[in-house]
Structure formats: structure tokens, C-alpha cells
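Asker: Protein chains in written order, with the numbering used here: chain S, 640 to 915; chain X, 2 to 327.
Worth flagging that the hints you see were computed from the coordinates, not collected in a lab. On a predicted model such as this, the values are computed, not experimentally measured, just so you know. Hints are not guaranteed to be accurate.
[Said to hold, decoys possible] Here are some, though not all, of the chain X residues that point toward chain S, as calculated from beta-carbon distances under 7 Å:
1. Gly135
2. Thr137
3. Gly143
4. Phe144
5. Trp150
6. Ala155
7. Met157
8. Leu158
9. Val161
10. Ile262
11. Val266
12. Ile267
13. Arg288
14. Leu305
Beta carbons: idealized from backbone N, C-alpha and C, even for Gly.
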Amino acid sequence: MESSFYQALRRNRLAMIGLYGVILLMLTAFLAPLLAPYPPNLPNADAVLLPPSWQYPLGTDDTGRDLLSRMLYGARVSLEVGLVAAGISTLLGVILGAIAGYYGRWVESLIMRFTDLMLCFPAFFLILAVIALLDPSIINIMIIIGLTSWMGVARLVRAEFLTLKHREYVLAARSLGAGNMRIIVRHLLPNAIAPVLVAATLGVAGAILLESGLSFLGLGVQPPEASWGNILRQSKDNLEIAWWLSVFPGLAILLTVLSYNLLGEGIRDALDPKLR
Amino acid sequence: MILYLCKRLLMMLPMLLGITLVSFAVIQLAPGSPSDLMVDMNPQVSDLARERLHKFYGLDKPVLEQYWNWLKNLAALDFGQSFAPDGRPVWDKIVERLPITVSINVLSLLLTFLVALPLGVYSAVHRGSWLDKGITIFVFIGFAAPTFWLALLAMMLFGVHLGWLPISGIQAMNHDALSWGGKAADYASHLFLPVLLSSFVSLAGLSRYMRSNMLEVIAQDYITTARAKGLRERAVICRHALRNALMPVITILGLSVPGLIGGSVIFESVFAIPGMGKLFYDGVMARDYPLIMGCLVLGAGLTLLGNLLADIGYALADPRVRREGR
């Protein structure tokens, strides 16, 4: 199954573009200290609001900091928040969905009603409300985004488990004396992992978008630490004169989210035998 | 139908209770008590005053009792008083802002439907054509572009460089002096960009959804039947396929409510529109707890209402749904 999955993924040109985009982003984020031509937070009074040039490839901001260097470091923040937040939400969704789907009855109704309830809240409202109470450090943002976006995964895993748990191999495992825990982890989860993988990939994209939105509102990553969202927030003051400050960071967010989305959709198509 | 409606309404009650529970729990996360913040700002407040404040907000009572009192007040639409200097009731503050947010969202939903439905139908019917591919690319970009960034770009282009449109607020300085038609034009020019941009975002999702619905319907037997009996392609698509593909869109309408309300925080703060989203944002910045709680409860309540309307619409459109309720 594995090799045919990779073949299907390889044949999907858009998915490969997405994969290369994701790899490129990870490399840039990882190598930011080597790639950045200037220190990201060092003001330079002689280079204020310069347009893109050979010396400053993407221009400078209103305190003379190099935009390219700031964006390279910003890539680290985006990626970190995206991966950790999506990790938290996927883990939480898998655990809750698995428990609900496997045990059924009142446990299931309780968990699923709670899921419905969480879906009622406009995500942005809930996140902002919590951030208002805690301080907006990167760790808090990751946790909050993770805690408010697990619902999709939970529904997905529950639905998979509902059909999987009546399969014969589950009965076989149980008659051989396997406990509930072992059945869930060793027999059911591996068979339900495909859609989870897709949801997790798309979840990274969603978390990166959310983080940039929060930072743009001033409630995410705090300056001087650079994030694509807070660079855009600062660009608002110089909208008339410094187009580069608004255009490039947004483009970076767009391309990153696009890459993850393309990859996620590609994995979905590659896993779906009907589409092969 | 009435029976279905009653059942549906009854189902909302536990959800409403849950919403209040979650909102209340969120506020309990706050380190210290809400009144500390008001007091910390002002060093002259004595311990006595602090205690009095505590008592005023009922913070000296056990948590459960606090929740119960808060709930009792909510039932009477008393959301408490804002911490802002004006100290006005939260309910009044929200209600006067709500019409702006709701009308922008309704307008942008209408625009989304007007554009997304034809787009989705066209790309399904002409699957694989150049235009279909173009629409797909557009959809992917629409999914990935941060809305506030698009708003910034639009402000830069139309507001600053071309100078065609105002970029903040909902009315000009001389609004009151304008004639009736001038007032309408003034609102239109201020709301044009926010409405356009917020519909751009939902456009991507809806046209994609419409396309896959349509593809599914076109593959059904009754479409083959319709074609086999010699109907023109136009009639097959418009009369037989479209109607069935439209059904699930009603549900999407309901599901899009929380996203729209959440998105209004960003739009309204970018364009400085005095709606509920901006109110909430300002409340968050000022740590105005009663206001935050009120907006949270009301935002979720609006979502619940949206889902209810969608379900009613679905039941009206599909007799099978309302019979199931019996």
C-alpha cells in the first residue's frame, strides 16, 4: 500500500509543489541564522524605510531593520506555532474521538455534545478571550490554538472508529485477549490514521493563518520578536510609502499556507483509492 | 413541521446552557480576580474599596454561586456592566453595534452566493476546462490568503494609490449634512471594500463546495434519465441538477456563521468599523471582562441561531427531514 501511496502522491503535480514548498520553508526556518544578511532586531538609523535594493533585498522597515532577515526569523515562529498547535489539536482530537467512537453510549454522547458546543463558538472570539486573560507568549498561543481546533479531528476519528470497531479483526484481537487499550492503539488507530494525517497537514496551515491573524491584531507574537503577522501590523502605519512592508510578509503567509493545503489535499487524493 | 420545530428548539436549551458554562469557565482562567485589574490601575484604592468591589461583583461567593447568579442575570438579558469608564450595560453596548456587523455579513453572504453558485456550477459542468482550472487556482489562493493582508492590499490600492474609496469607518465626516441619496452612497463607498473582501474569503469555500455537490449530482441516475428523455442540457442542469445540488448549501450557510462573526473582528479592526467585532477587540485590549463574556455568549448564541435557521430552511426544502421528526 505504501509504495502505491507514494506513487500516487508523486504523480500529483500540485501535491509535489506543496511538498517542495513545505520542505523549502522548513529549510529556511532552520537555516535562518545563516541565511539572514543582518541581525533581525537591530535598528539602523541610516537605513530607514528603504525600498528593495541589492543591499536590502526586500527593503527595510521604519526603524531600519532588514525585512528579509526579519521574515526569515518570522518563518521560524510561523512554523513552530503551526506544527506545535496542529500537533496539540491532532493529539487531543485523536484521543477524544477514539474514546468516543470506541466506547460509545454515554461517553460518546458526552464527548460529541462537547465537540458540538465548542464548534458553536466563533474560533477567533474564543481564542481572543483566552489571550485577553493570559499573556500572549508564543507558548500560550500554541496551546490556545491547539485547544480550540481539535473538533474536526475528533469527529473524523470517531466516525472512522464507529465503522472500524465492528470489523472481524477487532473481534479476533479481543478473543485473543487483547485489552481495550491495545485494540485502540494497535488495531484501530493505524487503520484510521490516513484521514488524520490529512487533517493534521491542513491543521498546520490553519494554525499558521490563525497565528498571523492574532499577531496582526497585536495579540500574538510580541515585537521586537518578528513574526509575519506582526510585521504586517507595523506595516499599517506606513501603508502610503512602504508597499514592500505589506506585500512580502503576506505573500510569505500565502505561499506557506498554500503549500500545506496543496500537500494535504494531495495526500487525501493519494490515499483515496477511488481517485487513483 | 411544528413538531419538528419544537423538537429542534428544545435541543437548543442544553447547548445554550453549555455555552454559558464554557464562557464562564474561560473567565475563571484569569489569574487573580477581574476586579484586581480595575484596582491595580489605581493605586489609591484602599483595601476596603477593594473588598466592596469584590462584593459588588459577587466575587466573595463560591464559584458555583457566582455562576448561578450570572446565569440568572443572563436569563433576564442582564450581561452586567462594562468595566470601561462609561460603565454602561454590556447588553446595550452590544445591541447598538450588532446591526452593523449583521448587515455587513448578510451583504457579503448575498454577494458570495451570487458569485459562488455560478462559478461552482460552471466548473462542475465544464470540468477540466481552462476556466475550471483557473477557478480552482483562485479557490486555493482564496483559502490560503490571510484576509487582513488582502484588506491591507486593497486599502493600499483603492484607498491610497487610486484614492477611489475611503479606507476607514462607515461614514464620512460630513455624513449628517448629506441628502438621503448622498447618505446611501456614503455608506456604500465605506462598506464596499469590507463586504467585497469578506465575501472573497467565503467565495473560495462555497464555490468549491458547490462544484463537488454538482459533480456528485450530475453522476446520479435521474440526471441520465432526464438526458435520456431528451431534455435540453440547459434544462437538465438548471432544473434537475441545480436544485438538488443546492440543498446542502443551506447547511453550509448555517455552518459559516461562526467564521463570519469571528472574521468580523479582523475586518472591523482593519477598516475601523464600529461593529460587534471591533467592540469585542477593544474589550479584549482593555481586559473588559463583562464585555468579553457577553460577546462570547452572544457570538455563540448567534451561531446557534444560524444553525437553527439553516435546519429550518433545510426542513422546508426537504420534506423527508421534517417527517423524520415524527
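Asker: Are any of the numbered hints broken by this structure? If so, which, sorted upward?
Answerer: 1, 2, 3, 6 and 8
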